[in-house]
Each structure stands twice: as C-alpha cells, then as structure tokens.
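J.: Below are the chains, spelled out letter by letter.
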Amino acid sequence: MSEPVTMMAAPMHLDFLFTPGVAQSKFLHGLEQGKFIGQRCPKCHKVYVPSRGSCPTDGVPCDEQVELGNRGTVTTYCVVNVPFAGQSIEIPYICGQILLDGANLSFMGLIQEIPTADIRMGLRVEAVWVDEADWGPTLASVKYFRPTGEPDAEFDTYKEYL
Amino acid sequence: MSTFPELTSGRRPVGVVSFAQYDNVRRESERNEVEMLMPVVAEVFGNIGITKDDVGFICSGSTDYLVGGPFSFVTALDAVGVWPPRAESHVEMDGAWALYEAWVLLQEGEIDAALVYCFGRSSPGDLREIMALQLDPYYLAPLWPDSTSLAALQAQSMIDAGMATEADFAEVASRNRRNALSNPKAQVAYDRSAAELLQEDYEVAPLRRHTLPPLTDGCAAIVLAAGDRAYELCERPAFITGIDHRIETHSLGARDLTHSPSTALAGKKAGVGKKKVDVAELHAPFAHQELILVDALELNDGVNVSPSGGALAANPMMSAGLIRIGEAAKRIWSGEADRAVAHATSGPCLQQNLVAVLEGV
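First to last, the sequence lines map onto chains A and B. Using my numbering, you'd call the opening residue of the first sequence number 2 and step up by one each time. Using my numbering, you'd call the opening residue of the second sequence number 45 and step up by one each time.
Check each hint, because a few of them may be wrong.
Stated by the list, open to error - Pulled a few chain B residues facing chain A out of the computed Cβ check, cut under 7 Å:
| id | residue |
| --- | --- |
| 1 | G125 |
| 2 | W127 |
| 3 | G169 |
| 4 | N223 |
Said to hold, decoys possible - List time: in silico BS3-like cross-link candidates among lysine-lysine, alpha-carbon distance up to 27 Å:
| id | chain 1 | residue 1 | chain 2 | residue 2 |
| --- | --- | --- | --- | --- |
| 5 | A | K44 | A | K160 |
| 6 | B | K374 | B | K320 |
| 7 | B | K96 | A | K44 |
| 8 | A | K27 | A | K47 |
| 9 | B | K96 | A | K47 |
| 10 | A | K36 | A | K144 |
What the hints assert, rightly or not - Chain A regions said to be covered by chain B (calculated; three or more residues, Cβ under 8 Å):
| id | segment |
| --- | --- |
| 11 | 10–22 |
| 12 | 47–55 |
| 13 | 144–154 |
Derived by calculation from the structure, the hints in this document are not laboratory data. Even glycine gets a Cβ: it sits at the ideal position worked out from N, Cα and C.
Given only the sequences and the hints, what does the whole structure look like? Please build it.
T.: Okay, structure coming up:
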C-alpha cells in the first residue's frame, strides 16, 4: 500500500490593478509634492488623512482638501523585535500611530532617531522626507518620523484617537 | 388600514421600497468602491426621503477576491457611515443573499426597515481566473478552469441532449440586448438579429461573444420595509410573498448541468407557480442559462422575461442578482406588473439559486 496523501500544494497567483480612488489619489499626489493632503467632512468637520473620500461616521463625501503640516503626535506604538521574511529595516525598530496636527485620523509610520527605550505615547514627531528627486505618489516618500524635541503632548489632546 | 398580499401564515409583509444602481461600466478607473457606493446609497435613501438613521439593519454582499484587498467589505461601510453603531452584516455572496438575510431579520419584527447594498468590480483582475477560485480546492481549482469554459461545457451538454441549439442561444442574446436598449443602466445594448449574431466567431465553443455577459464594474442598493412602514415610503411596495434559495453540490461532475433542480425547488418553495407571473427578471449571465431557468421555473410564454436585458445587459459581480430584484420591483411600483419573479445565481453553472416572488396590491 502506498502512503495516504495527507497534503497537497496548489499554488495560486493573481494580479490586480489597484484603484486608489479620487480622494486617495489626492493624498498620493500630495506625497509626490512633499505634502500631507487630507479631507474634511462637511458635517462633523473631522479631517481624515489619508481619506477614502467618505466620512466613515456620516457617510457623506468629503470634498474639502486640507493641507496638513509636517508635525504630529505619537498616539501609540509598537517596538518590533521579531525578524520576518522580507524585513527591510534593522530590528529593533519602532512602528507608531501618528496623528498629524489638525487631523482626526492617525496613520502608521516608522519612528527613528530615538532609542527604543525612550519611545512613549504623546511624543511629538516630524516627518523626514526622502530627497525631493525621489518623491513619488507613495508613503515611501516619507523616510520616517523623528522626535521634534518639543514637550510631550497632553494625553487629553489625543485620547480620542487610541 | 393598509392591505397586504396574501402571505404564508405568520409571515410579515416586507416589501422592496427603493432601488438604485451605479452606471454599469467596463472599468471604473477613478473611483474606489466607497466612492462608487456613496452616490448609490444616497440615491436609494433620497428616492424615499429617508437617511441611514431610518434603517435598523444594514446588510451587504461582496467578495474581496475581486479587488484583491482584504476586508474591502468593512471599508465599504464608510459609504453609509455607521455612527452611532448599528446592526450590520455581510455575506460573501451576491447582494440578493444579503437581501435574504435582511428579509429574515425583518420577519423577526424588531425593525421596520433595512438597507441592502452590494458592489463588485470585474476590472481589477482577470475575472475568469478569479472565478476559478470558487471551485473545490482539491480537484477543480488547481486546474484553473475559467468561468467561460465551464459555461461552455454546460451549453454543449444542452446541445448534446437535444434541448437547444446555438440559434436558440442567439435568440436569447438578441432579445435581451434589444430589451437593454430601454434600460438606461445597460452596458451592452443593440438591435441585432439572431442570424446576424451567429456570424460571430466562437469565444469558447459553443459560446460566441454574444452569449457572454459583459465585464462590469458596478454596485446597487435596495431598501426593504415592513408592514405599514412600507406604505409610508412607497405608494405601491413590491411585497416579497415568497423567497427561497437552494444549492447544488460543488462537484460539477456530479451535476446534470442541463437542468437546475435548485432553481426549481427554490421556485416551488417561493410559490412561483401559485398564480400568474407577469414579469421574471432572471440572473442568467450566459445566454443558454436563461433557457434552463425558464424551464426550471416553468415560466410560460406569457411571461415577460428580463425586460431590463438581464445580466447580458450588465453583469456587475455580486450585484447583478440584487439588480434583478430591483428591476422586478420597479415594474410592480409602476403598475406594469402585479406579480413578478426575481432570480439570482451564484457559483459555476447556476450552482446556487435564489428565487423571490414580488407582488403589489
């Protein structure tokens, strides 16, 4: 008797063309110019960056473009100590949720130029961009975020975004 | 005192009161799914003057395989806006099955209105390959049989059984595309005779281009309302007097592809044959499948089949089934029909089928 088959491999591969949409395209084109572009909800006035074109609370189109500054606050973070396939950054490194000043939605970013032991909620950070010649419609235009040296933000200023 | 159609004892009258669909297009290259859904959701509410705060339940149908992005159904909720938090669900199926879930919840009597929406893009990937992944993962999917080839096997088995000819398929396509001329949301519409269509080359024999559904990016939405609420929102609601769905084995070799016993059973359970049917909107993506469905539902010559042009006019994935329900409901609202049948299908070669009977008073 031959051995029973207990496993089979069926590799699959599919290619997709991604459509970022009108709003996200504006965000991506902003990165091409070294800017963070968000959108404001006409109803609740929250600013989303990146925006998907709709206010997830009110379900209405966000048509107003808002250019945000380069600085923000770390709302929460994770220190990555585990190596994994395809890792391009030397461990340990810090992955943080960054709330840009004037935004009502945080996004994930790499934090550098700070020892991992010193990372904390409320840390003030700024974006460090790659060379202008390399700016493109991608978050890779932002090299990483680094501390600004300002005093930490008060918990009350970001407690809604955890 | 409102009057309602006769229902199975204990059933609550639930009707389709609003319907909207996207302009079906070959490729929507500017808007993402949320941006496509927003105007459709706004329209389906706007038609009847309500907002998201007036529905007690939201149910959607879609599949992440189409865009290759995980949890696209969660982000799609941004098109509705779910604050304060509300009861919401999703089916990895055509929106017609999302409507079924909403109908079940409305039967329970806790809520009076529900939003159903669905979306599907065929353009981001190779649809024929993507559809192969719904097949059984051991014996069929690794062979990557594309959806058109499987449909061609079904059509060929009809020819072999002496049930239909290629000319019959061409007649179905010709009639649906002519019907589509009066459907402003149709993607493919023309007035060409069956004889002319038969001049086309085979795509996959015995299927010629005209027998295939278009590749469509689109989305759709419906509002269901129960009891008196239905009459508050709509002059002549399309009440669902019967709805049922049935499935056949996933093993294509174990099925008789020339017949659709699941459609026949669902149709029977939904009560299609109880009274005269004026209109039937059938979800037959491939022309030959309409012949199988007409047979399974025992629709006679007096039935106006797919006046919208059906899925041959536009075939947005995960949405073309719900659109059949919407198109059938429209004909009840207008008084053009008193009793309509709507059908939705899922899976290869009509594997799973839903049948709804809509009636106006």
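J.: Each hint needs a verdict: does it hold in this structure or not?
T.: These are the hints, each one checked on the structure:
1. G125: Hint holds; G125/B Cβ to chain A Cβ min 3 Å, cut 7 Å.
2. W127: holds (4 Å)
3. G169: Result: holds, 5 Å to nearest chain A Cβ.
4. N223: Violated. Min distance 31 Å.
5. K44/A x K160/A: The given pair, whose Cα atoms are some 22 Å apart, holds under the 27 Å limit.
6. K374/B x K320/B: holds (18 Å)
7. K96/B x K44/A: It holds: about 14 Å lies between the C-alpha atoms, which stays within 27 Å.
8. K27/A x K47/A: holds (17 Å)
9. K96/B x K47/A: holds (19 Å)
10. K36/A x K144/A: holds (13 Å)
11. 10–22: Our answer is that it holds, as 10 residues pass the Cβ test (under 8 Å) against chain B, meeting three.
12. 47–55: holds (count 3)
13. 144–154: Three-residue rule not met by the segment 144–154 of chain A, so violated; n is 0.
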